[in-house]
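Protein chains in written order, with numbering that gives the first Met the number 0: chain A, 0 to 338; chain B, 0 to 325; chain C, 0 to 329.
Treat the hints with care, since some could be wrong.
Unchecked claim - No farther apart than 25 Å at their CA atoms in a straight line, the calculated lysine-lysine pairs in the DSS-like style are these: (1) C/Lys136 / A/Lys201; (2) C/Lys136 / C/Lys169; (3) C/Lys217 / C/Lys138; (4) B/Lys247 / B/Lys197; (5) B/Lys197 / B/Lys217; (6) C/Lys138 / A/Lys201; (7) B/Lys320 / B/Lys251; (8) A/Lys201 / C/Lys217; (9) B/Lys217 / B/Lys320.
Stated by the list, open to error - Reference listing, derived: stretches of chain A covered by chain C, where coverage requires no fewer than 3 residues with Cβ under 8 Å from a Cβ of chain C: (10) 60-72; (11) 144-155.
No wet-lab data here; the hints were simulated from the structure.
As the structure is a computational prediction, the values presented were derived from the model and not from experiment.
Backbone N, C-alpha and C define an ideal beta-carbon position, used for all residues, glycine too.
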Amino acid sequence: MAKAKAKGKAPAKKSADGGLSTERLHEMYYHMVMARALDERCWVMNRGGQAPFVISGQGHEAAQVGTAMALDPTQDFLCPYYRDLGLVLAFGVTPREVMCGLLARANDPSSGGRQMPSHWGHAARRIITGSSPVATQILHAAGVALAARVRGEDTVAAAFFGEGSSNQGDFHEGLNFASVHRLPVIFVCENNGYAISVPVSKQMAISSVAARAAGYGIPGVEVDGLDPLAVYQATEAAVARARRGEGPSLLDVKVVRLTSHSSDDDQRSYRPAEDLAAERAQDPLPRFRSWMESQGIWDDQQEQQLMIRIKGEVDDATEFALASPVPDAGTLLDHVYAP
Amino acid sequence: MAMTYLEAVRETLRQEMRRDARIIIYGEDVGVRGGVFRATEGLQDEFGEDRVMDSPLAESAIIGTAIGAAINGLRPVPEIQFADFIFPAVNQIVQEAARIRYRSNGTFGVPIVIRAPYGGGIHGALYHSQSIEAFFAHVPGLKVVMPATPYDVKGLLAASIEDEDPVLFLEHKGAYRSIRGDVPDERYLIPLGEAEVKREGTDVSIISWGMTVNSSLKAAENLAKQGVSVEVLDLRTIRPLDTEAILKTAKKTGKVLVVHEDNLTGGFGGEVSALIAEHALFHLDAPIRRLAGPDVPAMPYAPSLEHAFLVTPEKIEAAAKDLAAF
Amino acid sequence: MADVSEGLTPEVLMDMYYHMVLARVLDDRMWVMNRLGRAPVVYSSNGHEATQVASAFALDRGHDWVVPYYRDLALVLAMGMTPRDVFLHLMGRADDPNSGGRQMPAHWGSVDLKILTTGSVVTTQMMHAAGIALAAKLKHEPTVAMATFGEGSTSQGDFHEALNFAAVMKLPAIFLNENNGYAISVPARKQMAVPDVAARAQGYGIPGVVVDGNDPIKVFEAVRAAAVRARAGEGPTLIEAKTYRFVPHSSDDDDRAYRSREEVAEAKKHDPLVVFEQELREQHLLDDAQHKAVLDRAKAAVDDATEFADTAPDPDPSTLGRHVYHEAVL
């Protein structure tokens, strides 16, 4: 458990870069840009008739990559939801794997083509399979954390969900259970203000999901989810608390949803054009790029090189997935029970 | 007037809401957006936010509050966005709504209609494709309605709203836009518990409900060209169940194929088969056959797997043909 | 600001006291019936009387709804249920107005008294109260719906969903938590990581009020204030009445397994009946003779109820299949 103690230490100082090396900051940006580029490609595939369904994480990249990098992919667990493309990429899922999921290929690591796209799951990457009914994963994360404690492991479980999910009974039961038992879990609400078409004002009579933490005696922290470093620091503190055995935290990470809910939705039917334009102006990607430039750790040439690299990887992933076999109909009855 | 299954749902809701000010609609995205399938599109504009409300994302709350609102004099028609999402509300539906009349010795009642889109074949995968009727048909106190055609949607939905007891009204997502039919403008009711022979025949009886009635009719049409006369009985409601109509068609043709999209084991086809075995065994010329979804937890996403799951007109045709030759 | 203690005249205070005493005497008799083998199960309000009676009195009885749980004997008595009704229910008689002998005892319900029928799975009733309040709001009626529940119920998802739903829609509902510190055997500290249920109100943007549940005046004022707020269209209130359960969870439970006798003895020093009796004596509303009269009246009512229910008919087995669905009036 010496390792636990080392990890449990609070960061030496709070600096603008979150204590991250330039290399790690570049890695952060890479994952954010990759998530965006892959996501955009998914929409192209959908509009081109090659992918029946897309559900997006655009606008959430800073929140997702910022949390992922404050966790330890070798020992922590993720219980994500359908918007978490950036999160799973930063936890080691590859673009090829993402595209195989989009196109429901036999080698899709999430479900072998059984689930809709973006229903992440990857045993080797410690990402627990999720379903479509929302908020169930909050309980799974509490259970993962319970097992970690019983087994004496230094694992933190992280659950991710939208603010709409915070109205579900499972949210309440999950946070209550985890707080009573002081479990090593962090609850990350990616609050984009809309549950499909329903604005947060019609979902709850409070302005902050973080306020709900008071009902469980745990910290509730509002975080600027458009700033990956702010997210990283808030997550790091919550993770450290969890590893110290002090129990769960609730992060209310405010993000924007730059796309419709899914490829079957058109948000222009329920959101005013000016709101959409205002959100577009808050895009976390250019903001982080400008910040790196202001720190003198990024320039146009690096940007250009990154774009070329990312396009190459996205092209490769697309081609790989297109060439991958679809599931054999004969496997329909597989995996109902253990072999 | 010809309209789609989806339009029949919407226009019936509109007509009933104009008639009865007690009717309110609420659920996830039913207001401004008009429902994820647009089943309630335009209703908030016409009836206002008080009668067509977006609710928080919480199914147990949607049903639980509808129970209270019904007891206090309204006629709630809550929507569960996808039938697959109904499970957090099972406690409120099964243990509360369905039991309240019985447990109060008839003094309280829960007149609510829970609308839920069910069924697959629309790339919905495990959580947007399920057929859930067998879970709920098991519950006395609840009624389960599954229309196949726009005409039946209108008469059954109006009758469900008028009913004094809780009704689960299951609309097949695949039918929403693909099934069209004539629907009269004037209001009419189809009593719950009355099956309908959708096609007369003499060689084989297909008994089905919901979307698979339409697939069965396609199969019957093809078989007619091959000289096989198929009768198609649409149960329309599976609780209450029209036992008489089931036995009548079984005795008439002596060969019964029960078809449903829900998986086989413990599916409602077992109940239909048992009734025939109990009451019409000696009228049969062949063993009862069931054609249903396979016993996997739910419908997979990949088109190859989804197609392998689905109960298609081709599969029905093959099964009926085989039975006719017995 | 309305005067929340308005209406607490000496007559009303004495009426509240009578109902508290009646509930206790009736409750004690139910345990006797159980130990004699004549009532298979008993759930008690013993210790909760101040909270229950005062909250009912703070409502507009006859117009407002209560949506109770199994511990609410004193509440339903204060809403107008008679001792005879309670005993018919306890003994599962045909004339039991709550369920005609279908449900276990303490599963209250009466259309006439605006007491909603309740099931055994805890917390479902909070949704129903929100729904009643929703209908009242849409019908523009000044009705308030009050749900009651134990602190164990606040761990259920339905608690969260009901409070959120009522808060976001600003419904005229009151959520009255009768916090006796135990969910059967599980103490509140293993139930939640906060000392007060009322703290949870912050997550819904509504008032959360802690009140001494053994003091009927305090409870009355808190519930009346919540009702005023609800009727003004300002939305729901969460009230946490801290009280104690003097007896085991039910007649099938033995609380010696999970709490000390010393703890129970200490709690009994704050017995709401004793507290209120002292208060009334100090206000010169009660003397020894009146105290005896109240007890005698309650005892007579309970004796009458016992005898009445004892000879009342059981449900006819042929009615087993009735009331599954609506029966049209012929």
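Hint-by-hint comparison with the structure:
1. Restraint check for C/Lys136 and A/Lys201: satisfied, since their Cα atoms lie roughly 17 Å apart, inside the 25 Å limit.
2. Between C/Lys136 and C/Lys169 the CA atoms are separated by roughly 9 Å; this keeps the pair inside 25 Å, and the hint holds.
3. Annotation: proposed proximity of C/Lys217 to C/Lys138 is violated, straight-line Cα distance about 31 Å (limit 25 Å).
4. Proximity of B/Lys247 to B/Lys197 is assessed by CA-CA distance (about 14 Å); at most 25 Å being required, the pair is judged to hold.
5. Taking the CA atoms of B/Lys197 and B/Lys217, the gap is about 11 Å. The hint holds against a cut of 25 Å.
6. Distance hint between C/Lys138 and A/Lys201 is fulfilled; the C-alpha atoms sit about 21 Å from each other, no more than 25 Å.
7. Of the pairs offered as hints, the one joining B/Lys320 and B/Lys251 holds, with about 17 Å between alpha carbons and a cut-off of 25 Å not exceeded.
8. Restraint check for A/Lys201 and C/Lys217: the C-alpha separation of about 34 Å exceeds 25 Å, so the hint is violated.
9. About 13 Å separates the Cα atoms of B/Lys217 and B/Lys320, which keeps this hinted pair within 25 Å; it holds.
10. As drawn, the segment 60-72 of chain A meets chain C at 0 residues by the rule of a beta-carbon pair under 8 Å; below three, the given contact is violated.
11. Residues of the segment 144-155 of chain A with a Cβ under 8 Å from some Cβ of chain C number 0, which does not satisfy the need for three, so the listed coverage is violated.
Of the hints listed earlier, those the structure fails to meet are numbers 3, 8, 10, 11, in rising order.
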